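Q: Take the sequences, apply the hints, and build the full model.
Those protein sequence lines, which keep their order, are chains A and B. For the first sequence, numbering that gives the first Met the number 0 gives the first residue as 0, with consecutive numbering after it. For the second sequence, numbering that gives the first Met the number 0 gives the first residue as 0, with consecutive numbering after it.
Check each hint, because a few of them may be wrong.
No farther apart than 20 Å at their CA atoms in a straight line, the calculated lysine to aspartate or glutamate pairs in the DMTMM-like style are these [to be verified]:
no.: 1; chain 1: B; residue 1: K97; chain 2: A; residue 2: D59
no.: 2; chain 1: B; residue 1: K97; chain 2: A; residue 2: D83
no.: 3; chain 1: B; residue 1: K139; chain 2: A; residue 2: D52
no.: 4; chain 1: B; residue 1: K121; chain 2: A; residue 2: E76
no.: 5; chain 1: A; residue 1: K408; chain 2: B; residue 2: E180
no.: 6; chain 1: B; residue 1: K143; chain 2: A; residue 2: D75
no.: 7; chain 1: A; residue 1: K200; chain 2: B; residue 2: D240
no.: 8; chain 1: B; residue 1: K144; chain 2: A; residue 2: E84
no.: 9; chain 1: B; residue 1: K146; chain 2: A; residue 2: E84
no.: 10; chain 1: A; residue 1: K115; chain 2: B; residue 2: D133
no.: 11; chain 1: A; residue 1: K217; chain 2: B; residue 2: D169
no.: 12; chain 1: B; residue 1: K144; chain 2: A; residue 2: D52
no.: 13; chain 1: B; residue 1: K174; chain 2: A; residue 2: D59
no.: 14; chain 1: A; residue 1: K200; chain 2: B; residue 2: E180
no.: 15; chain 1: B; residue 1: K69; chain 2: B; residue 2: D133
no.: 16; chain 1: B; residue 1: K144; chain 2: A; residue 2: D75
no.: 17; chain 1: B; residue 1: K174; chain 2: A; residue 2: E84
no.: 18; chain 1: B; residue 1: K144; chain 2: A; residue 2: E142
no.: 19; chain 1: A; residue 1: K43; chain 2: A; residue 2: D59
no.: 20; chain 1: B; residue 1: K143; chain 2: A; residue 2: D59
no.: 21; chain 1: A; residue 1: K215; chain 2: B; residue 2: D133
no.: 22; chain 1: B; residue 1: K146; chain 2: A; residue 2: D59
no.: 23; chain 1: B; residue 1: K139; chain 2: A; residue 2: D59
Label-pair distances were calculated between CB atoms; the ranges are [stated by the list, open to error]:
no.: 24; chain 1: A; residue 1: K254; chain 2: B; residue 2: D209; range: 42 to 48 Å
no.: 25; chain 1: B; residue 1: K69; chain 2: A; residue 2: D175; range: 51 to 57 Å
no.: 26; chain 1: B; residue 1: Q150; chain 2: A; residue 2: E76; range: 20 to 26 Å
no.: 27; chain 1: A; residue 1: K171; chain 2: B; residue 2: F176; range: 32 to 38 Å
Since the hints were derived computationally from the structure, they do not count as laboratory data. These numbers come from a predicted model, not from an experiment. Glycine included, C-beta positions come from ideal geometry on N, C-alpha and C.
Listed below, chain by chain, are the residues.
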Amino acid sequence: MSVISNTLKKLSGKKLGKIEKKWVFDTSSSMSSSPITEEITKGKSGIAFGTQDGKMYMLDADAKIKWFYSIQEKIDEIQQMFLDEETAKGIYASPTLADINKDGKKEVLFGCDLGKFYALNSKGKLLWKFKADGEIRSSALVEYIDNKLEIIFGSNDQHLYALNAKGKLLWKFKADSGIESDPAILKAKKTQIIFGSNNGKIYSLDTNGKLLWQFKTKGKITAKPAIGAIYANKKKYIVIGSADNNLYVLDENGKLEWLYETEGRICSEACLADINNDKKLEIIFGSCDDNIYCLSCRGSKIWSYETDFWVVASPFVIDIDNDRKLEVVAGSYDNSVYILDAEGTFLLDYMPGVSGITQQPGHYNDLITAEPGKYVGKKLWQYKTEGMIIGSAYITNSKKQKEVIIGIKEGKLDNLTYKKD
Amino acid sequence: MIKNNKELKRIKLYIEGLDEQLQGGIPEGYVTLICGTAGTMKSSISFNVLYNEALEGRTGLYVSLEQSAKSLLEHAENMGYDLSKINIVIISDIAKLKDKIQDIKSAKGGSLVISDLGTIRKEIKGTKIGPSGDWLNVIKNIIKKLKAEAQCDFFILDSLSALYVLSNFDDPRTKLFYIFEFLRDIELTTFLISEMPLNKSKYSEYEVEDYLADGIILLQQTERFRKVIREISIVKMRATDCNTDVFTLEYKNKKFYAMQGGKPPLV
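A: The following block contains the structure:
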């Protein structure tokens, strides 16, 4: 890359460097769950994900298979006929990695469409399993509640289950419909377990599984609630999208703080991050109206960026090029990963200068008092993959660089890294 | 690969006077709705295709969700079909599907396979799965196995209306889209029997079926001078230059006839 081209990029405000594929991993099956990354042993990251044919993979940061677990359940011939053999063992929820038995290593917890929930040890050996009566498409919440570890997840049999570290049922809660949303914990005056359900209700339970409050939306909720002190005070809020196209912000009593309407279903968890150093949390999420949105904590749009298809994977915020400015990483069903400037960019509505103003329609007073433009999403890089992006995560390598891991529906996992020109 | 009109292989309806109006028949692998109110011979027209194709050495699957195989075959006998000329296989026990596939494979020529889900539903009552299991998956699994292992070329579902009762159709538009795509992907020439309401206000339950189907054949009963005559018309057929006039439908001498401007019955 020539000095001239770099200088031109700098002058035009474009970022230097490019996004390159470091490696690709092919599962030879359809990928069904968003990959997750976690520090498995000190300084070493692992990447875990499930496939539609019922395999749970654990890879190291260089895409080498550490182990994989294949779901084996005895199903008689008649039962088999009632199942869709291509998807019956599908793992649709991301696994949860947590040390549930205090052995210093992280176990892998996940459910599948056969209604079974599995706990594997750090080497991929089965520790125990639990049977629900419906598909399990909800990732488990693992939390110490009153000094006892609880593993909490939902099922399409309408129940939210809480198990202990050995897989024994502690309590269960029956909702009005199936539960595919991941539960989240809200630690306030009272610890609450928050989750959504297929008929659009958002539930809050206490730590014994008793209903505290519920809030009704008009569409299925598959997203995990994001919980944070968005106003930078002590109060925590619940941010969750629904298939009724709205993003809801509720207070800890289940009262609506505000909602933001998009033109498409909101399927995944919103990302809460302070992108502009004002200590308050901005809200970044994708919608099936093809847009990635960034909202202020008050619910006004800071910017949006339109992709060519639905944005189903949860976006996240990192500094991919180590320039101390944050970027938003979001995958779309249009097969591309978008890396956007987290703060967006200000776009003038007209060219500055007297001629710019005089050539605008309307009275010049309006132009002088009106905002001279608006913030819009600013694409820094776009990387085209080989299929629909169903999920993404990131790892930090030994050089403290962030590497983006992209899960592609067709069964591939891409590692994208930033490279200086 | 996109085939042009002349390259499309066509499947006869075996209705004299109508196939000629359809460039020889329905394009192979297409999904066609057979719509009509009760008594318009929807099942008979569909059965007629499978019977004649079996005589030609090809295999077809007739999935009956409510009428038993026994009742269906008795009706065919009464209409004069010589059932001894073809190989008939009845699936009334899912556990014996492998054996039935073996029967189809070992038979000379084609087979007419009747999957008697009504009987299977009765048998399954009281088992671990119970009658509330996902019957759509059962149908899809039978189709997949028959296509893969027994060279099945045709599929008839009798009826869509019964399927809606047996399977969960909370989001019918999406679910039907995937069913039609499944049928097209598996490349079976398919007839879906749709029970129309008596007021004939729509061809199918959710109406989206009309748009998803490649073809619609409408069967009607019309009263003229206190006589009821049967009529048939092609409402739509993709990739076909067809005559959409209404024809009189008659069954005589063990054969279906469609007559343009058919003679009204004598009073």
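Q: Given the hint that B:K139 pairs with A:D59, does the C-alpha gap stay at or below 20 Å?
A: Distance of about 39 Å is beyond 20 Å: violated.
Q: Is it true that the CA of A:K200 sits at most 20 Å from the CA of B:D240?
A: violated, 51 Å
Q: Do the Cβ positions of B:K69 and A:D175 conform to the proposed distance bound of 51 to 57 Å?
A: violated, 43 Å
Q: Taking 20 Å as the top limit, are the C-alpha atoms of B:K121 and A:E76 close enough?
A: holds, 18 Å
Q: Holds or violated: B:K174 and A:E84, Cα atoms, limit 20 Å.
A: holds, 17 Å
Q: Is the straight-line distance between the alpha-carbon of B:K144 and that of A:D75 20 Å or less?
A: Measuring from Cα to Cα gives roughly 16 Å; hence the hint holds.
Q: Would you mind confirming whether the straight-line C-alpha gap from B:K97 to A:D83 stays at or under 20 Å?
A: holds, 18 Å
Q: Between B:K143 and A:D75, does the CA-CA distance stay at or below 20 Å?
A: Answer holds: B:K143 to A:D75 is near 18 Å, not above 20 Å.
Q: Would the pair B:K144 and A:E142 pass a check requiring their Cα atoms to be no farther apart than 20 Å?
A: Since the Cα atoms of B:K144 and A:E142 sit roughly 46 Å apart, the hinted pair is violated (cutoff 20 Å).
Q: Does B:K146 pair with A:D59 here, judged by a C-alpha cut-off of 20 Å?
A: Not OK: B:K146 and A:D59 at ~41 Å, beyond 20 Å, violated.
Q: Would the hint linking A:K115 and B:D133 be met if the CA-CA limit is 20 Å?
A: holds, 18 Å
Q: Within 20 Å, alpha carbon to alpha carbon, are A:K215 and B:D133?
A: Outside the cut-off at roughly 29 Å; violated.
Going down the numbered hints, you'll see the structure goes against 1, 7, 13, 14, 15, 18, 20, 21, 22, 23 and 25, while the others check out.
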